[in-house]
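**Student:** Between the sequences and the hints, there should be enough to build the whole structure, so can you do that?
Line by line, the protein sequences are chains A and B.
The first sequence: position 18 = 18 (my numbering), numbered continuously.
The second sequence: position 8 = 8 (my numbering), numbered continuously.
If you are wondering where the hints come from, they were derived from the structure by calculation, not from laboratory data.
A quick note: this is a predicted structure, and the numbers were derived from the prediction, not measured.
Some hints could be false.
Straight-line Cα separation of at most 35 Å, DSBU-like style, residue types lysine-lysine; simulated pairs [said to hold, decoys possible]:
id: 1; chain 1: B; residue 1: K73; chain 2: A; residue 2: K14
id: 2; chain 1: B; residue 1: K73; chain 2: B; residue 2: K55
id: 3; chain 1: A; residue 1: K102; chain 2: A; residue 2: K57
id: 4; chain 1: A; residue 1: K102; chain 2: B; residue 2: K55
id: 5; chain 1: B; residue 1: K78; chain 2: B; residue 2: K55
id: 6; chain 1: A; residue 1: K57; chain 2: B; residue 2: K70
id: 7; chain 1: B; residue 1: K73; chain 2: A; residue 2: K102
id: 8; chain 1: B; residue 1: K55; chain 2: A; residue 2: K57
id: 9; chain 1: A; residue 1: K71; chain 2: A; residue 2: K57
id: 10; chain 1: A; residue 1: K102; chain 2: B; residue 2: K70
id: 11; chain 1: A; residue 1: K11; chain 2: A; residue 2: K102
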Amino acid sequence: DTGVSQDPRHKITKRGQNVTFRCDPISEHNRLYWYRQTLGQGPEFLTYFQNEAQLEKSRLLSDRFSAERPKGSFSTLEIQRTEQGDSAMYLCASSGTSGRSKNIQYFGAGTRLSVL
Amino acid sequence: AQTVTQSQPEMSVQEAETVTLSCTYDTSESDYYLFWYKQPPSRQMILVIRQEAYKQQNATENRFSVNFQKAAKSFSLKISDSQLGDAAMYFCAKLTGGTSYGKLTFGQGTILTVHP
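**Tutor:** Written as structure tokens, this is what we have:
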């Protein structure tokens, strides 16, 4: 296993279009997180899953955003009717619940979204 | 809301010298985790070091060490024998929700430049 994988790496879309991002966590990790990072800022929490259950959603996650983790493995983040303000890097992270790496979040390379 | 503050937007250091990055945080929890993450330009975020709040001993990972002052809610990162590869954005982060789960709250980041 090579770590957290995100696809695509870059997405350019026109305002009003829908986009979907995918995250594959480290295989034995049962927790999966989504963050958004704008240029020069720290990541901001969006939502997180434990297995397939979505346990917390940030106020940043408007009705246009939806995240799923249907089988407790990979996750998707969909943005409907994109706006220019959605342009950002979307980061996925995963963590385990036991062992030395407990509670350490490992990050993927991110998906950079540009809304024109 | 819990906050993490990095008061140094930019720092610079000469190769082989030592530099310290500052971080303060706000919390009402008695036990929690603190982290320093490194994000090189256009590359993914990687963990530098982790500190568990109940441990008195400061964490150390090779050239990286922390000065954890729980009462002062301060968590600084010291990089010894700085190398060109240490150049990156550094983020201080706190795991909310205690130690068993939760999101990371990040500081604003400190850009570290290493001069040859």
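**Student:** Against each hint, give a clear statement of whether it holds in the structure.
**Tutor:** Taking the hints in turn, this is what the structure says about them:
1. B:K73 / A:K14: 44 Å, violated
2. B:K73 / B:K55: Distance of about 14 Å is within 35 Å: holds.
3. A:K102 / A:K57: 22 Å, holds
4. A:K102 / B:K55: At roughly 16 Å apart (the allowed maximum being 35 Å), K55 of chain B and K102 of chain A satisfy the hint.
5. B:K78 / B:K55: Satisfied, since the Cα-Cα distance of roughly 18 Å is no more than 35 Å.
6. A:K57 / B:K70: Holds - the C-alpha atoms of K70 of chain B and K57 of chain A are around 29 Å apart, at most 35 Å.
7. B:K73 / A:K102: 23 Å, holds
8. B:K55 / A:K57: Holds, at about 31 Å.
9. A:K71 / A:K57: Status holds; Cα separation ~19 Å.
10. A:K102 / B:K70: Holds, because 21 Å separates the two Cα atoms, which is no more than 35 Å.
11. A:K11 / A:K102: 32 Å, holds
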